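Undergrad: Chain by chain, the residues:
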Amino acid sequence: MSRLQKTFRRRSPAGRAGRWVRRTLLALALLPAPVFGADTPPASTNWIFEATNQLGQWIWDTNTLDKQTCRFWKSFEIPRHARIAGAILRITVDNGYSLYLDGREIGRGSDWRTVTEYDVTRLLNPGRHSLAVEGFNDRLEAGLIFGFNIQLADQRVIEIVSDDSWLVVPGSLRGWTGRKTALPDWHHAIVFGAIHHHPWENWPFGLTTEPALLPITVHFWQAGWFQLSVLALLLLAIGGCVWLRTQLSLQARSQRLLQSERVRIARDIHDDLGAQLTQLVLLGEVAQREQPENSSVRTQFNQICTLARELSHGMDEVVWAVNARRDTLRDFASYVCKYAQVFLNPTPIRCRLDVEPELPATVFDLPLRRNLFLAVKEALNNAAKHSGAAELFLRIYRADRKLVVTVEDDGRGFDPAQSGGERNGMANMTQRMNEISGGCELFSRPGGGCRVVFTVPLDHQARRGWLNWFRRRPGADAATTQIQ
Amino acid sequence: MKQIISSPAGTAVRVFLVEDKPGVRDSWVKLINSLPGFACANTCASGEEALRLIPAANPDVVLMDIFLPRMSGIECTARLKLQLPKLQILILTAVEDDELVFMALEAGADGYLLKRTTPENLRGAMLDVLGGGAPMTSEIARRVVESFRRASRHLKPAMHLTTREEEVLILLSKGYSNKEIASQLSIGTETVGSHLKHIYEKMHVRSRAEAVARYMTSKA
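Chains as they are written, first to last, in the numbering used here: chain A, 63 to 546; chain B, 3 to 222.
In short, the hints are calculated from the structure, not lab data. Values in this document were obtained by computation on a predicted structure and should not be read as measured data. Keep in mind that a hint or two might mislead.
Unchecked claim - DSBU-like cross-link-like pairs, simulated, lysine-lysine; straight-line CA separation at most 35 Å:
(1) A:K400 <-> B:K32
(2) A:K400 <-> B:K176
(3) B:K199 <-> A:K400
(4) A:K447 <-> B:K181
(5) B:K32 <-> A:K464
(6) B:K181 <-> A:K439
To be verified - Selected chain B positions facing chain A (in silico; Cβ < 7 Å):
(7) V26
(8) S29
(9) S36
(10) G39
(11) A96
(12) V97
(13) D100
(14) L115
(15) R118
(16) S140
(17) K181
(18) K204
(19) R208
C-beta atoms are modelled at their ideal positions from N, C-alpha and C, and glycine is treated no differently.
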């Protein structure tokens with residue numbers, strides 16, 4: 063198994079100074095002239111004093127081959143609760159290397175003549191760590207030289223240098239750089255000699271300092287759990303959408319069914335009841351004519367005919383209200399106009415119409431047309447009863463995505479503040495318009511006629527369709543089709 | 003199913019009724035005959051029969067039910083008008099449906115009546131068409147104006163509405179009666195009627211031209 067060589071010792075400042083002197087002398091004695099040549103600035107040579115002490119020995123595999131890749135591995139431990147004050151690592155390999163700390167690649171080098179210095183202070187914390195070096199030899203001699211100095215906050219120092227405790231990893235084991243323990247078939251590296259041993263007498267002669275390495279910060283959005291939960295949420299959302307979609311299409315289908323049922327009812331009423339009522343009117347008229355003039359039977363027949371006509375007319379209204387084929391804005395306008403003309407015909411009020419030309423055939427939903435129609439009916443009724451007008455204007459037009467219907471008469475008018483809401487049916491009209499989120503305004507003054515303005519938002523429908531899709535059930539909608 | 007009814011007076015207006023339900027037909031016959039100056043000359047139960055019988059019978063007015071089995075009253079009207087342009091045809095409808103009424107007018111009908119109408123109205127409407135007038139509601143007037151404006155781009159000038167005709171239609175669509183229109187435009191009431199008659203004719207001609215155009219493009 064691996065043999066860890068760790069040195070723990072307390073250093074005194076005096077001892078350190080003494081070592082500096084020795085190191086300087088040694089370096090001066092060892093370094094030959096070319097290193098201090100014109101092309102090498104003297105300032106950069108300072109490193110060598112420390113390097114001599116801190117770098118280990120040249121090591122390599124038992125055999126040295128050309129084009130050889132050799133993997134070195136070593137583990138070390140930082141005591142618990144220790145705080146790292148500094149951790150400097152120096153390395154070079156003849157000819158090149160990749161360096162790993164705990165499986166993370168922290169550097170590469172291909173110029174073996176210079177030592178590279180890495181500051182890994184921020185990467186270390188208490189516990190077991192592993193160092194791995196993948197060295198590469200081009201030809202002839204090969205060697206790895208390494209020194210790692212970890213200073214703890216409590217003055218302790220951990221030194222790891224290249225020596226025969228390093229293990230050589232054979233073959234092509236995957237994930238070997240991150241391993242915390244060695245395997246039995248890993249063997250020890252062999253030592254060739256200290257720095258400047260033959261054939262590296264003149265090298266290394268330079269030092270490259272890499273910027274301090276920072277721990278790879280894993281942001282929360284890079285974390286697995288986060289990505290998983292986002293994925294889960296996404297799937298949930300997609301599932302929700304699919305569910306909503308199905309619900310909507312189900313609802314649309316029930317709407318279609320309801321629609322077709324409405325059309326069927328309307329057609330039945332029209333075909334059967336309508337035809338029979340018409341027949342009743344005709345029979346009544348014929349029977350009436352067979353009776354002598356001014357007889358009481360004739361009067362009664364006449365009453366039957368009148369009633370049957372009214373019934374038939376009332377039924378037209380029902381058919382119109384439920385007939386889905388006639389639920390457009392255009393049909394609404396034409397129906398209201400017709401109603402107003404027929405309604406005002408027996409009164410002295412002349413009905414004037416002002417309808418926006420080319421009203422679109424967009425769908426104007428049942429509750430809207432029903433409520434608006436009933437409100438207009440109320441306004442017409444008021445005008446007929448109270449206004450004493452000669453003319454009444456019914457205007458229908460669009461403005462600002464709203465449908466505006468005004469009922470304006472030139473009658474005697476009144477003071478809206480004085481008369482109660484009950485009298486002019488204002489409360490009733492306002493309530494009807496509120497039901498369909500529309501508006502109702504009344505303008506009048508004594509002697510100045512009266513104008514009632516109804517407004518209905520035209521995009522109401524689309525909005526309601528999305529917001530209240532869940533509220534609209536076939537049963538609920540069918541209930542609203544009941545005619546008052 | 004034919005019924006020949008002798009005319010009570012030689013000068014009576016001869017009415018031809020097309021209606022498929024026997025009970026209703028009988029009532030109509032009695033009702034028409036009870037109107038002073040009118041006589042039901044003949045009846046039939048289908049559009050096909052009407053096309054065969056009417057040219058021979060040559061009545062003054064045809065009352066045409068809109069819903070007939072197989073051939074509709076509208077189609078029957080269009081075919082009759084091709085053969086007899088001077089024939090007066092009134093459409094009878096149970097429910098007021100602008101779409102259907104407009105189609106009937108385009109097919110060449112001279113007016114329409116609700117089936118539940120009073121005998122007095124029926125008589126008035128028939129006298130109107132015979133007198134060269136053409137009753138038109140404000141709703142239909144509005145549709146007519148719109149239809150001519152839409153079609154104006156691809157119409158021959160002869161088929162355009164004249165300014166006066168358009169004025170009449172617009173006043174009508176605003177709810178003015180024929181009499182009010184006459185006084186507004188300082189013309190006679192009969193003139194208003196004849197304007198409307200011309201409008202009906204143009205509508206009919208236009209719809210025929212459009213039908214031909216449709217036929218041609220579908221062939222091409």
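Undergrad: May I ask which of the numbered hints given earlier this structure violates, with the numbers listed in increasing order?
TA: 5, 10, 14, 17, 18 and 19
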